[in-house]
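A.B. asks: In case you want the letters, here they are:
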Amino acid sequence: MQQRLKQAVLLEKPRELAKVASSGWFSGFKNRYAFHNVKLCGEAASADEASARAFPPTVKKLIQEEGYTLDQIFNLDETGLYWKCMPTRTYISKNEAHAPGFKAAKDRVTVLLGANASGDLKLKPVLVYHSVNPRALKGYIKSTLGIHFRSSKKGWMTGQIFSDLLVDVFENVFKKYCKKKNIDFKILLILDNAPSHPPTVAELSDNIKVLFLPPNTTSLLQPMDQGVIAAFKAYYLRRTFKKLIEATEEGNDKASVLQFWKKFNMKHAIDIIVEAWVEVSKDCLSGVWRKLLPNLIHDFTGFDASEELPKITENCVSLAKQVSFAEVESADVEELLESHCEDLSTEDLQQLVDSGKIEDAEDEEVQDAKPRELPTSVLSSILREVDTQLQRLEDNDYNAERSRIAVRVRDSREKTAEARQSVDGVTLQLQNLLYEVAHLKKEVRRCLDFQSADQEIDLVPVEQFYVEAPEYISRPADTVEDPHEQRLARLQWELEQRRDQTQLFDKLTQEKEAVAETINEQERKLASLAPRINAILEATRPLQDALDLPIDAKREQQRIVQLLPSPLYTLWVQASAYGEAFDPFIKVEVFGDVDAAKKLIVKEEDTRTENLSESDNDQDQQEENLSRKKRNRKSQKLDAEDLDDGVKQMLGLHPLFVKINVNTKEGNSVVITFYYMQTLRIVTAKCSVHLQEKTKCALTDVISGDTLLNCLVPDDDGQTSPNPANFFQLNRLRINLSDHLSATGRPYKWAQSLSGLSFSSSKQTHVSGEDSQDTSTGAGSSLGDGEMVVWQDSAEQMPHTIQAIRRRLQARLALHAQLVNLETANSTSSIAIPAELLRQHFPGKVCSELKSWRPVTWADYEASSSTQLLREIQVVTPQHLLFMALFDRKHVRLEALVAVSPDHPIKVPVVALSLYWEDHFQTANSPQLRLMEKEVNVHWDELVSSRSDRLHLLPLILYRLAVCLDVYTEAYSAHADARGPDAQFHKEKIFFRPARGPDRAFPFKYHPKLGVFSQR
Amino acid sequence: MVLSALKNLYTTTFSQASSPESAILAVGNNDGKIAVFDLSGVNASRETSVGERLGGPCRIINAHSDAVYSMVSTDAFCISGTTGLVTGRRWDELQQQQSQAAWTISLECDQANFGTPEVNSLAYDPGRGLVYAACGDWRTHVFDLETGKCTQTLEGHDDYVHDVVTSGNLVASSGEDGQVLVWDPRAGREPRHKLAPHTHDQLARPHLGRFISSLDLYNDWLVCGGGPRVGIFHLRSLALTTVLPSAKSAIHATKFTRHAEGGDRGGIVIAGVLPHLCVCSMAGVVTAQLPSSSPCIYTVNVTDKPFTMMTYGGTSTKIDVCFNLNYRDHTVSLLED
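Chains A and B, in that order, give the protein sequences.
Per my numbering, the first sequence runs over residues 1 to 1016.
Per my numbering, the second sequence runs over residues 10001 to 10337.
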């Protein structure tokens, strides 16, 4: 314990400072101004000498084990430094330096000093200040100050700063030092266990081993505490004085001293710290390790803090005297040096914090609050400590009262321990008993739960047992009363019965096997029957042939039919059903390569299974893709060969096909062969006509199979695929389906519907009553995307289609006959028209003559401007059969381009006229010619009164044209004045008015009953 | 479908009439149908110069069983003439959904040989409330609209009468016989003047015939054409003053359109078996040639109130619309959508 009185000196006016001469005056001054003295206490750390004694050997052992040299052993320690502080009796004190601290708290910095045991490496001092950016250091680069500048709120070292320093600064310094010295980079760092040295620093670096001094041994062991710090501080003070003297050399007056002191700031202090630290000698640094490493510091050259310090102190005092601090004594200096170690009071701290805030408001340092910890080891050591201290108290205390309390405490504690021991014993006993109880309870429960094996056996009820069981087993006398005996008896009975049943079971099993054997035998016999029956069938074949019984062929067909693709199958089924039901003139057969079809089916199944096991497939596909890529790289455009293959595949037909023979009563027949295009998924039809009598003429165009079935339903020319998906498939390979029709047959729409295929049409069809196709009602099996096989559809379509085909054939035959006739005709009268019709519709005499009749091409037709409007409204399309008829009446020539619809005569021939009579007239420049054209194109219905008449429509129309030309020429002659007499036409037809109405219409309309012509 | 397409192909527009103030345009064709157009939208757009086009017909009336050869407009009625009938329909009813005739006058069928005569042309004299009907029985019948009775019959042609017009006190008719007869009906039954254009060498085209299918009157001037070329006659001197240039084919429509926009130079419209319509001045200079969607034009209708609108049609299902005499504005289909 050390108590000192310190005086805080406050001077109101700097002038009066000069008058300060004696303490006597000073005390008076103090009294006058009601100054008071402030007591401040410092406390030396209580030292644990025992630990201190035990520690050095441990260190030594460690050093020997690990092989540290003195260069590698470091010690670091902080010390507080009041950088702006003079010994007590100097008059330097400021207005602000009042109580409670003569040393202004903010003048305090913490300095971390460190060096190794050899004194070789003096670490750069670390200065911890309470502010991040002190005003005095503004503008200085902190790294150039010669120290490491750090800051914390209190101006103390914190664990955070220390850890950072170790990692950021010291480790590198150590490393460099070791490299320079050419020694291993392994450092033993000895630290006291101050709060600023957290235990975690031990783990910060692999190369730095941290050894903490035992608690409370700092003052005894810590090398830095053994004189280095003291020396440093003394040097600091001395240098401060020296500076002071330098500053005030000339004037030597107090004012300049104060002036200097006022200016004295952190920067100056740092300069002095650096110099002072340099001044600390190597010997000093090495010597202080003596206590910690007594055996290692051999080269001790006699540094002794106790010798050195007073010298410096003296030095200081003499210096102080120079600055007219006459009253300074060495004791004051010592006191000052000592005071650096003191802790701060709360007020100090408050003031410190405030001033820190003032100094730099922007500074927002967050000090990491380290959680308090009290490890058990620490606790036990504390308790041990208490014990030892109590012991010491007891041993040393002069105050018996006090020591007795200690003894009493110990006694009662011993008593407590005894009591607890007995309680522990009893508790243990209790535990044992409780365990035993639980065990017994468990046993009891197990016993209660026990069931004997026979309880699970189902026994016959007691009554039944007595009825059924023989006397010797049931023994009613014994068992009725005794349940146990009864049970035994029942069990025995059960056993007996079970034995019987097992025997029965065995017997039955044997019987079953025997039966199975016989069944096998019979099956074998049955199997051997099949070849024999086949042989018999084979034998009957000649007979069948002879008797024309198609039994066998039918069977064969049935077999092949199974191989048909589903659309063709539908077709086959429907067609043969229709034929059987209504139409004996229809013959349906299946032809084709049966083996190929079988193979195809097998292949399909294969692909299906392949799809199931896709993992195998992936690789193949990849390879395929690769090869495809290669191929693409080889040639940008597809090889011709490749393309051919593609086309072949695309247009591939199923090997089987269905042939339908439609016979007419006259003995003519149409053979339609239906194919299925596998890739395109459409049905195509080829058609051929077989006539009873060979036609003489070569006009086979009209009845050739190729076009016979065109437009069986409207707009069905069989040129394009009805499957919309095919457009893309074909486009990709640049196939024009119409180029391949001769090979594939034509994909007529009616063929699709006969086969039950329905495609969504590109045009929305307005459902009309007659041919509405309600596909939703048809029960069908899905075939692919957008395709449905609809049986019902097919069935509905079949009669219509067959009839249509018949009608078509009939019409075409009729047309054919007419065309043959027209081809040879050279006059109007040679146009073959039934006499009755002729009489009915035309006057007796016709002057205009049909000169020629010839087919023309679409290009010819298109070239004529008279056909333009007809083409524009698409009444005539390239599907039509086109002819040119020429009529003459003298020098007047009428050209009629006749377009016969493929659906003739359901669709009527359409005529386009042009007239040559001095000039070329067309409907555009001759309203009358337009009317004539209208007469045949619009009013044809007057010529036909029945359906059969329609077959003669073409000759009728031609005849009509001839008559019209008569009328035209005669009517024209009637009103035109100045024609030459040869150009005039004598009026032979009877009409009243050659012209009528604003359009001057000619009388083209014939009234057969009156035999006159009139305008419409 | 093919049949109806073919029927449309041979459709011919014969006559037109527009209601007072051009609210409605009625177009008659060879099928006895009258297509009714609502012009109110076009009227409004002309005023604001938006330039709206004439849409399709707002309705089509089955007016007659035979062709609607002629039409004329009075303040209240749209009068149409067909074979044996002259029928009046109220303009305001035409627009509504009524197609029944307000009145009908039947022509007498006294000459069996001719059959029922057709009404080739109609003219209206608003001053006296008379309608003149040029008929197929070689005569022009005059009907009083008040009574519906035939008040007079103008006879003089030796063939059927093609056209009749009236202007002021005069009535002029032209016929298939090639005569142009000018009457003053007040003065008596005999025609005041007789003209025979085919006898003029400048006009005659014998190979086309002598018929005069169209004529028009304006003050002292008369224009006519048909088989012969179009000529302008001065009625006081009965002299042929101008021969209008025309193509080699027959003429079916001639019209004075002095009041029409662009007609200030005396605008005479000439049309016929030509795919275009000519506008000439009184001096015989062609001032405009408007293309036509019909190869042959039978009817030209020109209105000048409240604005000039000329529509013409013939052997097609379309009529062409102009808003002055200089160019065709657009073409409208007569078919219902």
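Just so you know, these hints were derived from the structure itself, not from any lab.
Glycine is no exception: its CB is placed at the ideal position from the N, C-alpha and C atoms.
Where hints are given, some of them may not hold.
Chain B residues, not near chain A, derived (Cβ > 10 Å throughout) [said to hold, decoys possible]: (1) N10043; (2) D10184; (3) P10295.
Here chain A is said to cover these stretches of chain B; the calculated rule only asks that three of the stretch's residues, wherever they fall, bring their Cβ under 8 Å from a Cβ of chain A [to be verified]: (4) 10090 to 10100; (5) 10117 to 10130; (6) 10208 to 10215.
A.B. asks: Would you check whether the claim that P10295 of chain B is not at the interface survives, using Cβ distances to chain A and the 10 Å cut-off?
C.D. replies: Violated, because the least Cβ-Cβ distance between P10295 of chain B and chain A comes to about 4 Å, which does not exceed 10 Å.
A.B. asks: According to a criterion of three or more residues whose C-beta lies within less than 8 Å of a C-beta of chain A, is the stretch 10208 to 10215 of chain B covered?
C.D. replies: Per the Cβ count (5), the hint holds.
A.B. asks: When you look at the beta carbon of N10043 of chain B, is every beta carbon of chain A farther off than 10 Å?
C.D. replies: Per Cβ check, N10043 of chain B is outside 10 Å of chain A; nearest 29 Å; holds.
A.B. asks: Taking beta carbons only, do three or more residues of the stretch 10117 to 10130 of chain B come closer than 8 Å to chain A?
C.D. replies: That given contact holds, which follows from 3 residues of the stretch 10117 to 10130 of chain B lying within Cβ reach (below 8 Å) of chain A.
A.B. asks: If I take the minimum Cβ distance from D10184 of chain B to any residue of chain A, is it greater than 10 Å?
C.D. replies: holds, 26 Å
A.B. asks: Counting residues of the stretch 10090 to 10100 of chain B whose CB is closer than 8 Å to a CB in chain A, do you get three or more?
C.D. replies: Coverage by chain A is violated for the stretch 10090 to 10100 of chain B (0 residues, Cβ < 8 Å).
Violated hints for the displayed structure, listed by number in ascending order: 3 and 4.
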